[in-house]
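Protein chains: 2
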Amino acid sequence: MKLNEKGLLVVLSGPSGVGKSTVCKALFEKKSHKLVYSISMTTRKPREGEVDGVDYFFVSKETFLKYIEEDLLLEWAEFVGHYYGTPKKYVEEQLALGSEVVLEIEVSGALQVRSKMPEAVFIFIVPPKKQALYNRLLERGTEPEKKIQERIDKADREFLLAHKYDYIVVNDNIDKAAERIISIIIAEHSKTERTIYKYMKMLGEE
Amino acid sequence: MKLNEKGLLVVLSGPSGVGKSTVCKALFEKKSHKLVYSISMTTRKPREGEVDGVDYFFVSKETFLKYIEEDLLLEWAEFVGHYYGTPKKYVEEQLALGSEVVLEIEVSGALQVRSKMPEAVFIFIVPPKKQALYNRLLERGTEPEKKIQERIDKADREFLLAHKYDYIVVNDNIDKAAERIISIIIAEHSKTERTIYKYMKMLGEE
Chain A
695 MKLNEKGLLV VLSGPSGVGK STVCKALFEK KSHKLVYSIS MTTRKPREGE VDGVDYFFVS
755 KETFLKYIEE DLLLEWAEFV GHYYGTPKKY VEEQLALGSE VVLEIEVSGA LQVRSKMPEA
815 VFIFIVPPKK QALYNRLLER GTEPEKKIQE RIDKADREFL LAHKYDYIVV NDNIDKAAER
875 IISIIIAEHS KTERTIYKYM KMLGEE
Chain B
695 MKLNEKGLLV VLSGPSGVGK STVCKALFEK KSHKLVYSIS MTTRKPREGE VDGVDYFFVS
755 KETFLKYIEE DLLLEWAEFV GHYYGTPKKY VEEQLALGSE VVLEIEVSGA LQVRSKMPEA
815 VFIFIVPPKK QALYNRLLER GTEPEKKIQE RIDKADREFL LAHKYDYIVV NDNIDKAAER
875 IISIIIAEHS KTERTIYKYM KMLGEE
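Chains A and B, in that order, are what the protein sequence lines are. Every position in the first sequence, counted from 1, becomes a number in my numbering once 694 is added. Every position in the second sequence, counted from 1, becomes a number in my numbering once 694 is added.
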């Protein structure tokens, strides 16, 4: 019996190169929870095989700017001439259905979400050592040295934002990291601030 | 890799008759964690087979009063002419060794611990319905009606203290309740306030 029936918005973030998407994939393979991905909205054109409302919500620039103006996005960013963002409505609908919505996102986006939806759960994924992350970035290998150095500098700045998150999860082992995230979701559902309302209601019943 | 190497003091409490000790037993059977029981100190005489330092720390009334005076107990109470309490030192030693110390305790004791060790994890175990708890108390059956009514009244007062705890766990199913507590322990170890110190140390290392 769950005292909290609403789903949780689980924001998975961490410095560039830490392996967020790999951990996220492992998390969805667990299937122990009703997890759904948040769907982003974008102004870029659909690629071959991409489906509107599944891969992305594809919209015009005009529509996107209207979403920004009317504060209908949890976060947004511009990237090589296109806009990307997270529509609030889809997230809220899924939460109301009792799904846990997973938002895998860069640090700057996560901090925007924090200000709009403080009741979300913010998890910062970190490497066991800084060097492990540098190695990952270096091993990608196809990029020019300057670009790699820029990424390392970005990661170094992002490393320092861990204190803005609720949890720090070490990605020393992908499966263990995913397990810890599942435990965090279960624990958060038992938190007093999320359960007290239904608990008090239960007390009032005969 | 754990970013928090110190153990947690896990305070399991709840209204009289909710089944705290049954859930606690199920928790220890999981063995997925390094759990130890907190050992109480008492002024009552050892019973046949009870071992000092295992079942209880057996002490004189004089010693017990000295412990109270010197603030060496996390909580204490007098019960039918004997003193019972939780010595801080044993708990702190076990936490330093990385064990999770489980303290299964009545509501009034738990609130004393809260004031002395706020970093402990406070879990309130509740029945799925109030009536389920009343039935348990009524079914014990060997006690006079007046005594049973007293217990029900006590439980009713204790029900209202849920908001003083970090988590509310429903004991609708003993095994599931124990699983939720394990998840809470894992999640608490990842909390930023418990991990940031070691994380910042990691950042400082080459």
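Incorrect hints may have been included.
For identical chains, the list gives no copy identity; a pair is met inside one copy or between any two copies.
Listed next, the in silico DSS-like pairs over lysine-lysine satisfying Cα-Cα at most 27 angstroms (straight line) [claimed, not checked]:
1) LYS895 - LYS848
2) LYS892 - LYS870
3) LYS885 - LYS728
4) LYS885 - LYS870
5) LYS696 - LYS870
6) LYS725 - LYS870
7) LYS782 - LYS824
8) LYS885 - LYS824
None of these hints come from the bench; they were simulated from the model.
| field | Within, between, both or neither: LYS885, LYS824 at alpha-carbon 27 angstroms | value | between (32 angstroms within a copy, 20 angstroms between copies)
| field | Copy assignment of LYS895 with LYS848, given that the CA separation must stay at most 27 angstroms | value | between (48 angstroms within a copy, 19 angstroms between copies)
| task | With 27 angstroms as the alpha-carbon cut-off, assign the pair LYS892 and LYS870 to within, between, both or neither. | result | between (32 angstroms within a copy, 19 angstroms between copies)
| How do LYS725 and LYS870 come out at 27 angstroms by Cα distance, when the copy is not named: within, between, both, or neither? | Answer is both; intra-copy 15 angstroms and inter-copy 17 angstroms each pass.
| Up to 27 angstroms CA-CA - LYS728 versus LYS885, copy category | Cα proximity of LYS885 and LYS728: in one copy and across copies (19 angstroms, 23 angstroms).
| field | Alpha-carbon proximity context of LYS696 and LYS870, limit 27 angstroms | value | both (25 angstroms within a copy, 11 angstroms between copies)
| message | For LYS782 and LYS824, with the copy left unspecified, which applies at a CA distance of at most 27 angstroms: within, between, both, or neither? | response | neither (34 angstroms within a copy, 37 angstroms between copies)
| message | One pair to classify: LYS885 and LYS870, alpha carbons no more than 27 angstroms apart. Within, between, both, or neither? | response | both (23 angstroms within a copy, 16 angstroms between copies)
In terms of the numbered hints stated before, the structure departs from hint 7 and from no other.
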